[in-house]
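Next come the chains, spelled out residue by residue.
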Amino acid sequence: MRKLLIVLIIAGFLAPLLSSAAFAAGEPPKDLMKGIITQVDAQQRTVSFTKDNGEVMTLTLPEKMATADVAINKKVMISLDKHAGPGVIKDVDQMFMDMTVSKGVALLLVGLIGGLLSGFIGSGGAFVLTPAMMSLGAPGAVAVATNMCHKFPKALVGTYKRFKYGQVDLKLAAVMGVTAIIGVQFGIKMQKYILNTYGNAGSNLYVSVIFVAVLVLVGGYVFFDAYKLAKGGDSEKASKLALRLQKMELWPMMEFKVAKVRISAWVTVPVGLATGLLAATIAVGGFIGVPGMIYVVGASAMVASATELGIAFMMGAWGSVQWGMSGLIDIRLALLLLSTSLIGVQLGALGTTYVKDYMIKLVMASVMLVVAVSRGAMIPGYLAALGLREALDKGTAGFLDSLSFWTLVAALGLSGLIITIAMVVGMMKDRAEKKMVTAVSHG
Amino acid sequence: MAITKFDQHAMAATFAEAGERDSAQEMLAGTGTGAQRKQPHKPTPAKKPYLSTLVLGTLSLVAYYYVFTNEKLVTDVFTRGGIYAIWPLSTALFVSFIHGAFGSNLLSLLGLEAKKAH
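Order-wise, the sequence lines are chains A and B.
Per my numbering, the first sequence runs over residues 1 to 443.
Per my numbering, the second sequence runs over residues 1001 to 1118.
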């Protein structure tokens, strides 16, 4: 098992380096450049720009940009306006935001709850961490890259902890991890096509529709299932679909000892592909991966959520190497998130030993349904931006923005609360049981 | 929990009534082996990892301090792309190992551990 774990780790890092075609972030667009602006000429409205490779260029500022707003001696990402002529700047984005105490504290808090959620349900956190970093001032690409860099060590720690509790099926993680990585490639290619064809608004709409559809359908089903188990008190059984698929004798049949499942490897392929696709689209593959392992493969919620951490590690390592090669990781943000998420993920992991299986499903479903509302609130705005509906008035747009933000905060808060209460109740029951056992053995 | 004198006498009486005179006498004398009820094994409480938590916490703090007092380095050199990717990735891994271990010890110190099977 240890050898398999080591092989997984090395494969996670080497695979993208060995394949030039596997550049998940894609080739950077030619009119996007990273570097430092060293001088601004206010009269000529030009800047002296040193690219990362050392090449020095003189670029022209657009009319709408004031020279005083240009950040000097800070790493920036410049996009050029192809239509305005050669060397004319379209946008200048400061890549790495100035850190303040309040931003640091916000990242610590978000990291803690994101980690708690990851440790408990095997995924999640990413859907709040990326928007959280963006709302603090990180450009989208830096937020995604930094989230990846934070995700893979956290997932490694979570996997290790839950492996010690006997919950991780390493073989299942490895088999699904391979197809998940392929799914990530497809997902990114799809994203880039939509972005190039329909622009940012189209891309945002695509992401939001996928979010809402998956979260409502899957989240609703998982919630219903958890509710049935909680009410009925039945021990968790594999779904009818999983049992039927397990009976299919299609080579190669694989035995997953920890998940206690014997199933054709072909069944894991669509689940792995869908996990990777979703990870590339909405940054949380686990919302398909975990229910997929439960209802299609037939693993328990405990094993599915633990194994998902192993898959998240592989995808995170893969993505991190590639984003790192693009120079987009802000290690300061990643480390701030890690400082609390590494504790949160261990807390969430040990919390799973105190709760019944259905509690994991309940937390996952609750988070999914609340986040669906958050994303759904943004759809009217994206439809208006694409001209598919009339423009929203300022008041409505502002209200929907706030609704989206606060429901996201509610999703994090709610999940943190449910997990904490479930853990505390479970720990208190365990201590009471231990006292009783001690009293009986001495009585 | 130690066996009280009352327990000893009660056991001795039981053995005496059963005709085990010798065992009863041993019990009253405060000795005895097989007849004496075995003490339940008290597991020695695990040592709290105070020292390792302190060491790891200090190392972690030093690593964070170094990164945040060298912001120019990490936002410039670390983000040059290509082979320079090794810097942010190895930093994330290195800090995670130390800080993760610190976190694990901290939770143990706080008494927060996984449930053990009874």
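Any given hint could be a false lead.
Unchecked claim - Distance condition first, Cα-Cα at most 25 angstroms in a straight line; then the derived BS3-like pairs of lysine-lysine:
id, chain 1, residue 1, chain 2, residue 2
1, B, 1072, A, 434
2, A, 74, B, 1072
3, A, 237, B, 1115
4, B, 1115, A, 429
5, B, 1116, B, 1048
6, A, 82, A, 237
7, B, 1116, A, 237
8, A, 192, A, 240
9, B, 1116, A, 429
10, B, 1072, A, 435
11, B, 1047, A, 435
12, A, 356, B, 1047
13, B, 1115, A, 434
14, A, 171, A, 260
15, A, 394, A, 64
16, A, 164, B, 1072
17, A, 237, A, 247
Calculated from the structure, these hints are not laboratory results.
Checked hints:
| no. | hint | result |
| --- | --- | --- |
| 1 | B:1072 - A:434 | violated, 54 angstroms |
| 2 | A:74 - B:1072 | holds, 9 angstroms |
| 3 | A:237 - B:1115 | holds, 23 angstroms |
| 4 | B:1115 - A:429 | holds, 11 angstroms |
| 5 | B:1116 - B:1048 | holds, 17 angstroms |
| 6 | A:82 - A:237 | violated, 59 angstroms |
| 7 | B:1116 - A:237 | holds, 24 angstroms |
| 8 | A:192 - A:240 | violated, 38 angstroms |
| 9 | B:1116 - A:429 | holds, 13 angstroms |
| 10 | B:1072 - A:435 | violated, 56 angstroms |
| 11 | B:1047 - A:435 | holds, 21 angstroms |
| 12 | A:356 - B:1047 | violated, 30 angstroms |
| 13 | B:1115 - A:434 | holds, 11 angstroms |
| 14 | A:171 - A:260 | holds, 12 angstroms |
| 15 | A:394 - A:64 | holds, 23 angstroms |
| 16 | A:164 - B:1072 | violated, 40 angstroms |
| 17 | A:237 - A:247 | holds, 16 angstroms |
Hints 1, 6, 8, 10, 12 and 16 from the earlier list are contradicted by this structure; the remaining hints agree with it.
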